[in-house]
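Top to bottom, those sequences are chains U and Z. The first sequence begins at 1 in our numbering and counts up by one. The second sequence begins at 1 in our numbering and counts up by one.
Keep in mind the hints are simulated off the structure, nothing from the lab. Not one of these hints is a red herring.
Here are the in silico distance ranges between beta carbons for each label pair: (1) U:131 - Z:263: 39 to 47 angstroms; (2) U:123 - Z:340: 35 to 43 angstroms; (3) Z:333 - U:108: 39 to 47 angstroms; (4) Z:37 - U:106: 48 to 56 angstroms; (5) Z:353 - U:126: 17 to 25 angstroms; (6) U:11 - Z:324: 47 to 55 angstroms; (7) Z:178 - U:126: 50 to 58 angstroms; (8) Z:127 - U:126: 50 to 58 angstroms; (9) U:15 - Z:48: 55 to 63 angstroms.
This one's a predicted model, so the numbers in the text were calculated from it and none came from an experiment. Where is the CB? At the ideal position from N, CA and C, for every residue including glycine.
Each chain, letter by letter, is given below.
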Amino acid sequence: MKKCFLCEELKQLWKEQQLLEVFGKGFRFIHLPGAMDTIPFMLQSTNHSDPFTAILNRIATPYFRVERINEDSCIAQLSLLRPIDLKGQPAITEQELYTLKKTSHCILVNLCSFSAITPLSHELVDRPLPIIVSKT
Amino acid sequence: MGAIVFIGSAMSGSSMDALQAARRLGYTAILLTDRKAFLRKQLVDVQLIYLELMEEGIIRKQLVQLLQSGQNINAIVSFVDPYVSMAANLSNEFCGSTISSEALQLMEDKIATRLALENDRASCNIEIIPLGGMKLLTTNYPVIMKNPVSNGSKDVYLIQDEEQYEIAIKRLKKSCAGMQMLIEEFIEGPQYIIEVVVVAAIPIIVAVIQQEISQDYTFIVTAYDVVTKMDETDYRDLWKTVTGILQKIGFHQGTCHFEMRRSKSGWKLIELNPRISGGAMNRMIEEAFGINLVMETIKIYLGEEPDLIRKKKQSIHTSYITLHSTGVLLDIEGVKQAALYPGVVDVKVKPSIGATIMPPLSMGHRYGYVMAVGESLEEAKERAENAARVIKFYIEPF
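In isolation and in its complexed conformation, chain U is listed as follows:
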């Protein structure tokens, strides 16, 4: 069985994500805004300072959701999250990121070839866009 530090970390994140998915189901007295089922994250490879990115509709995204992990090989299936800015347009830089949209596009990665993981707030996923108001 292949083992590496990042594989263990992502397994923990996946576990917490599964707990998050069931958290609040059946609550009658607590209102939770929207469904919480994703802990978005970024990956850093050993020999690059920029985060690892995948291309989604000609736009690079460094944001992922873990779908499953093969514990023996440490190969993970990640779905790509689409970064959106506060105007609803693709967010090109990290500063522009306002919300993340889930997609069905997936990639397979060998977790042991990465050196760091940056988890992000689950509230970023499907965060409603701001309202736009002007003088009435």
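Fit chain Z to the supplied structure of chain U, relying on the hints for placement.
Just chain Z now, kept in the frame of chain U:
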């Protein structure tokens, strides 16, 4: 080089224009302030002195220090409440100005002003009540309830019935405990600001500005129009009313502004303030008539003759932006675009990113303005309104 000391200033508007005017007149502008925000603001050519407390004793000490350090102080002025009369008094004492500081002090207290003008025909019926535990004598609703030392429509309420009276009392008890409240008869009619300069006891009406007011539970001025044409009888009546009031309170030298309503029974006084209106007022008057009122006010403090001759006559409309959403401001868009609209002479947006946005409860909840000129008042208004609508606020609701 002489210096002019300014006691307090807002972060923008008339009082900031005054700092610039002092420099244009060839003086060093020295600003005494207790607002820490000024320390972060890069003010060009302004000597900033931060004071923890803006009390008269501390200010006097500071003035003495400035004089001892060799500063040649020619005038001490304030364009913000509650320092106007104090500055005038100090200017009279330190610089030999002849400003009517006692009359300015009277104007700073709304109750004292009302009592001094009790028998004037421009006065309305009033009641003065200690806050709480007292029923109104009048049952003649609606009435206006005011904190006598507030400004910018803070703590000014329109009371339609007894229930609203009780609610207003509850609200005011938090901020005005132990104070007396002013109850005024509600006057119907369009409301105007009258900017007045008095030199050697002769009042000169520099500008009349009509206010557009949204009148819900509180009053918010949402737009201003500089009046370029007024019915001659109305104007004559206004001049007589203004002159009568100024004589009664003994105002011989200085500047002030009236807020008045033109009612069926003539001009009625809403408020009398010891300074030019804040916000965009100085800029509006300058765009309309070519008169920089804060600069001319400084000249009066310096003992010089003010130049109040109109160099032009142009219709101006200033449209203020209020928003009816609540949340956190994430971004503002369209400011540059609005500034490029035809006729637009000034665009300001106030809140910074991250600020809390809410529907207007006081004038402080106006988030910016667009000022435009036009061939007619209608054209100026249309231009300002169209440009204001281009400015978009991105808000994350709570």
